[in-house]
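Undergrad: Keeping the supplied structure of chain A fixed, place chain B upon it in accordance with the hints.
There are 2 protein chains.
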Amino acid sequence: MNNFRLTSFLTSNIDIDKNNLESMVSQCKTKFVKKGEYLLKEGEKCKHSFFVEHGLLRQYALDDKGKEHILQFAPENWIVTDRESVYFDQPSAYYIQALENTNTILFEESLILHLSKQDPLFLEFNNKLLHNHIRQLQRRITLLISATAEERYLDFVRLYPDLLLRVPQWQIASYLGITAESLSRVRKELATKS
Amino acid sequence: MNNFRLTSFLTSNIDIDKNNLESMVSQCKTKFVKKGEYLLKEGEKCKHSFFVEHGLLRQYALDDKGKEHILQFAPENWIVTDRESVYFDQPSAYYIQALENTNTILFEESLILHLSKQDPLFLEFNNKLLHNHIRQLQRRITLLISATAEERYLDFVRLYPDLLLRVPQWQIASYLGITAESLSRVRKELATKS
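Top to bottom, those sequences are chains A and B. 1 is the number of the first residue of the first sequence in my numbering; add one for each residue after it. 1001 is the number of the first residue of the second sequence in my numbering; add one for each residue after it.
Just chain A, with the same shape it has in the complex (with noise of 0.2 Å):
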């Protein structure tokens, strides 16, 4: 499979040298998901990172009345995971879809905690991608409980630019916390605006 994100994305975070770039990547395998299928579902344990090569996943959780809410999108060169389920061997709360045929690429955290102890550059390049989550999830936050659904619609398209096209509107209305209707309201009133 090709691999040119994962070794782009990788060359691009880290000031690492061809030879350990290369036994790195061969040391992580791959997964294809076709459209509809899952690579995690609630209650199972989450036993890796994944890396989306090409394609589109989505995590969401399914409440009690069976409506689902969507955590995140993962298109091409995004990492998508359940930490608490991999870190604290918890079963998960969550589901990992595939919303288009998906290539991913798994990293398996014992994978990372053995190379980070081994070199201090791997050590920094997890703790960039912790903390790149880290700032994401608080973003998030200020924006549920602080920004106007305009404003967290327009984060959205900044946030996710080419994926206005990939992904159904009720399923970005549930990502943004808000109802069907008030999308199509804000995205009705943003069009006048423009």
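What the hints contain is simulated information worked out from the structure, not anything from laboratory work. Keep in mind that a hint or two might mislead.
Computed footprint of chain B on chain A; a stretch qualifies when at least three of its residues, placed anywhere within it, have a C-beta under 8 Å from a C-beta of chain B [stated by the list, open to error]:
1. 53–67
2. 84–91
3. 109–122
4. 125–137
Beta carbons: idealized from backbone N, C-alpha and C, even for Gly.
TA: Relative to chain A, chain B alone:
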């Protein structure tokens, strides 16, 4: 200053010997803030993680209309910081303020990274802290996009059992992302149920 809580926090989270523990604790500075004083203001670069030895802090953002939105409370044994600002060396979008007279112990990011490189135990400790943070943020997002006001309030009580009498109601409502009126209604309904 008494650092009983920090010592206890460290020994319960990391398998550390007495000499290493004393060496680490002795390298941490302390800071006392009076009720109402700030450890961080919007626009400043956050330089530390603050461990609360005694007292109570809150982290909040201010929107364009001057409204406060509370991201986190930090009573005893909690750590509060703006990891985005510390790690990416960016001006913070948050305030960290004392709600009571508070004794804090300061972790410098460079000390944590230095210790992580020297000792795999610290690497795992820091990893655990980051994953705990991610776990908490992820739960908060899931609650914000999927839970009712009552469910959010019950989660708050579980997470911060001793804060109900230490924090004004409007600040709890701000943390929950609901109005003070909604919080008041939820509390009345719960009182009727029990």
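Undergrad: Report the numbers of all earlier hints that the structure fails to satisfy, in ascending order.
TA: none
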